[in-house]
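A.B. asks: This is what each chain is made of:
There are 2 protein chains.
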Amino acid sequence: MSNNTIDTTVPPRGDKRRVRQSPNRASYERDDLYAVLDACPIGHVSFIHENWPQSVPTAIARIDDHLYLHGHPKSRLYKALSAGERVCVSACRVDGLVKARSAFHCSMNYRSAVVFGTGVLVTDEEKPALLDSFTDRLIPGSLNDFRPYLTKELKGTALVRLSLDEYSVKIRTGDPIDDEEDIALHHWAGVIPIESSYGVPVKSANMLDGIPIPDELLAQAKP
Amino acid sequence: MSNNTIDTTVPPRGDKRRVRQSPNRASYERDDLYAVLDACPIGHVSFIHENWPQSVPTAIARIDDHLYLHGHPKSRLYKALSAGERVCVSACRVDGLVKARSAFHCSMNYRSAVVFGTGVLVTDEEKPALLDSFTDRLIPGSLNDFRPYLTKELKGTALVRLSLDEYSVKIRTGDPIDDEEDIALHHWAGVIPIESSYGVPVKSANMLDGIPIPDELLAQAKP
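Chain order of the listed sequences is A and B. UniProt numbering numbers the first residue of the first sequence as 1 and each following residue consecutively. UniProt numbering numbers the first residue of the second sequence as 1 and each following residue consecutively.
No lab work stands behind these hints: they were computed from the structure. Among the hints, erroneous ones may be present.
[Claimed, not checked] Once the Cα atoms are required to be at most 27 Å apart in a straight line, the calculated DSSO-like pairs of lysine-lysine come out as: (1) A:K16 with B:K127; (2) B:K74 with A:K16; (3) A:K74 with A:K203; (4) A:K203 with A:K79; (5) B:K79 with B:K16; (6) B:K16 with A:K74; (7) A:K79 with A:K127; (8) B:K74 with B:K127; (9) A:K16 with B:K16; (10) B:K155 with B:K74; (11) B:K155 with B:K127; (12) B:K155 with A:K79; (13) A:K155 with A:K127.
[To be verified] Distance ranges between label pairs, derived from CB positions: (14) B:T173 with A:H186: 42 to 48 Å; (15) A:S133 with B:R30: 37 to 43 Å; (16) B:D65 with A:G199: 30 to 36 Å; (17) A:S82 with B:R18: 19 to 25 Å; (18) B:K16 with A:R13: 57 to 63 Å; (19) A:D179 with B:G199: 24 to 30 Å; (20) A:D215 with B:D165: 38 to 44 Å; (21) A:Q220 with B:G210: 39 to 45 Å; (22) A:D209 with B:D65: 45 to 51 Å; (23) A:L154 with B:G84: 43 to 49 Å; (24) A:S196 with B:T173: 17 to 23 Å.
[What the hints assert, rightly or not] Not the full set, but computed from the structure, chain B residues with beta-carbon under 7 Å of chain A: (25) Y34; (26) P193; (27) P201.
Just so you know, even glycine gets a beta-carbon here, dropped at the ideal spot from N, CA and C.
All chains should be modelled from the sequences, with the hints used to inform the complete structure.
C.D. replies: Here is the structure:
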């Protein structure tokens with residue numbers, strides 16, 4: 001990850017992608033973008049609706065070089081996307097609390113991405129394979145444990161594709177950055193990591209006896 | 001929490017707050033809003049900038065009946081907020097992966113909130129006490145372990161207050177909801193919980209020896 005370095009592809013001044021606060025934490029590298037998106041099952045998709053910004057938390061998955069959003073064909077979000085309206089998707093994962101000697105220098109460690117674009121509807125032909133990839137991203141290891149899609153289900157699921165051309169990434173890692181003159185103070189400074197993990201799977205109340213959890217799913221879901 | 005029930009305060013049709021997808025998961029109760037916001041250290045703040053929706057992941061804290069956003073006075077976000085521009089803040093926490101017998105009925109368990117409003121700048125007089133509350137929300141138990149604020153730090157920190165008047169909450173909990181005819185299928189169904197916890201605190205590389213982590217901070221940060 002290209003953290004704490006400005007790479008050569010910084011967008012010009014005034015460009016909406018350009019990170020202006022703490023630009024040393026910005027990245028415009030595609031690998032960094034993919035890593036952040038892949039760590040975030042939820043994106044906050046914002047669009048303009050009746051002169052208000054409207055943000056909707058939505059399941060997202062990066063598949064190859066595109067971002068896919070998943071929703072209901074009749075939702076406001078899907079209608080905006082299918083009408084080609086401009087959207088912004090932001091995603092963020094918090095990795096730790098950063099405790100400095102001064103409240104001012106407290107921070108968080110995080111990985112975030114912001115993507116701008118317009119959506120394209122996935123066609124009926126493309127949908128089954130992409131929905132499989134989407135599901136496999138969100139519930140890794142589940143794919144071999146479903147009954148087949150019904151035609152009405154394919155029709156009832158909206159999948160929208162977004163190009164990953166306009167984006168920025170921002171990543172903070174490591175220690176607090178205290179003022180030089182504060183380092184000798186008798187205050188604790190450091191990082192409290194935030195860890196996310198899968199808990200023990202809980203079977204559905206209405207499940208028949210004798211159905212084991214698939215190995216692939218369990219492998220992912222082990223604490 | 002008022003989950004899976006429509007309460008009596010549903011906003012009218014067409015209202016931007018109104019949850020239209022899975023309205024049975026919507027809540028317009030203030031207690032639910034506070035619980036969701038308090039569980040989310042990051043909000044995705046969207047505003048309109050040059051006819052694009054722009055969403056910025058930002059540290060947030062709910063203090064009493066308001067939401068506070070924290071940032072740099074020169075940031076685009078802060079400028080938009082201080083100019084009274086319309087903003088939308090969304091926050092979401094994922095609690096589990098919901099594996100159904102069909103891919104179509106897979107889902108996630110989550111708690112999310114969407115707030116609409118315009119910001120008001122916190123005055124210099126109000127700032128010290130509110131910044132303390134803000135810091136205590138983000139790094140619980142840290143407040144007694146900082147040197148005092150410097151005047152330039154207070155000036156260099158932007159704090160914006162948002163009223164919590166226009167909002168919606170959406171919460172999903174519990175089992176997958178499979179089609180009746182799928183329940184007898186030999187596929188595993190249930191929830192894989194996602195658990196978030198604090199790891200062992202890591203002290204700053206430049207910290208002098210013999211400075212213990214404060215008890216209050218440790219109590220919060222214990223895995």
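A.B. asks: Could you tell me whether the CB distance from L154 of chain A to G84 of chain B stays inside 43 to 49 Å?
C.D. replies: holds, 45 Å
A.B. asks: Using the beta carbons of S196 of chain A and T173 of chain B, state whether their distance is inside 17 to 23 Å or not.
C.D. replies: The hint (17 to 23 Å, Cβ to Cβ) holds, given that S196 of chain A and T173 of chain B are roughly 18 Å apart.
A.B. asks: Does K155 of chain B pair with K79 of chain A here, judged by a C-alpha cut-off of 27 Å?
C.D. replies: Violated, at roughly 43 Å.
A.B. asks: Taking only the CA atoms, is the gap from K155 of chain B to K127 of chain B under or equal to 27 Å?
C.D. replies: holds, 9 Å
A.B. asks: Hint check: K155 of chain B vs K74 of chain B, CA-CA at most 27 Å. Holds or violated?
C.D. replies: holds, 11 Å
A.B. asks: Mind checking the alpha carbons of K203 of chain A and K79 of chain A for me, to see if they're no more than 27 Å apart?
C.D. replies: violated, 35 Å
A.B. asks: Take the C-alpha atoms of K155 of chain A and K127 of chain A, compute the straight-line distance between them, and say whether it is at most 27 Å.
C.D. replies: holds, 9 Å
A.B. asks: For the pair we were handed, K74 of chain A and K203 of chain A, check the Cα-Cα distance against 27 Å.
C.D. replies: violated, 31 Å
A.B. asks: Under 7 Å, Cβ to Cβ, is where P201 of chain B needs to be relative to chain A, so tell me if that hint holds or is violated.
C.D. replies: holds, 5 Å
A.B. asks: Is K79 of chain A within 27 Å of K127 of chain A, Cα to Cα?
C.D. replies: The hint holds at about 18 Å.
A.B. asks: Does the Cβ distance between T173 of chain B and H186 of chain A fall inside 42 to 48 Å?
C.D. replies: holds, 45 Å
A.B. asks: Does the hinted range 30 to 36 Å hold for D65 of chain B and G199 of chain A at CB?
C.D. replies: holds, 34 Å
Going down the numbered hints, you'll see the structure goes against 1, 3, 4, 12, 18, 20 and 25, while the others check out.
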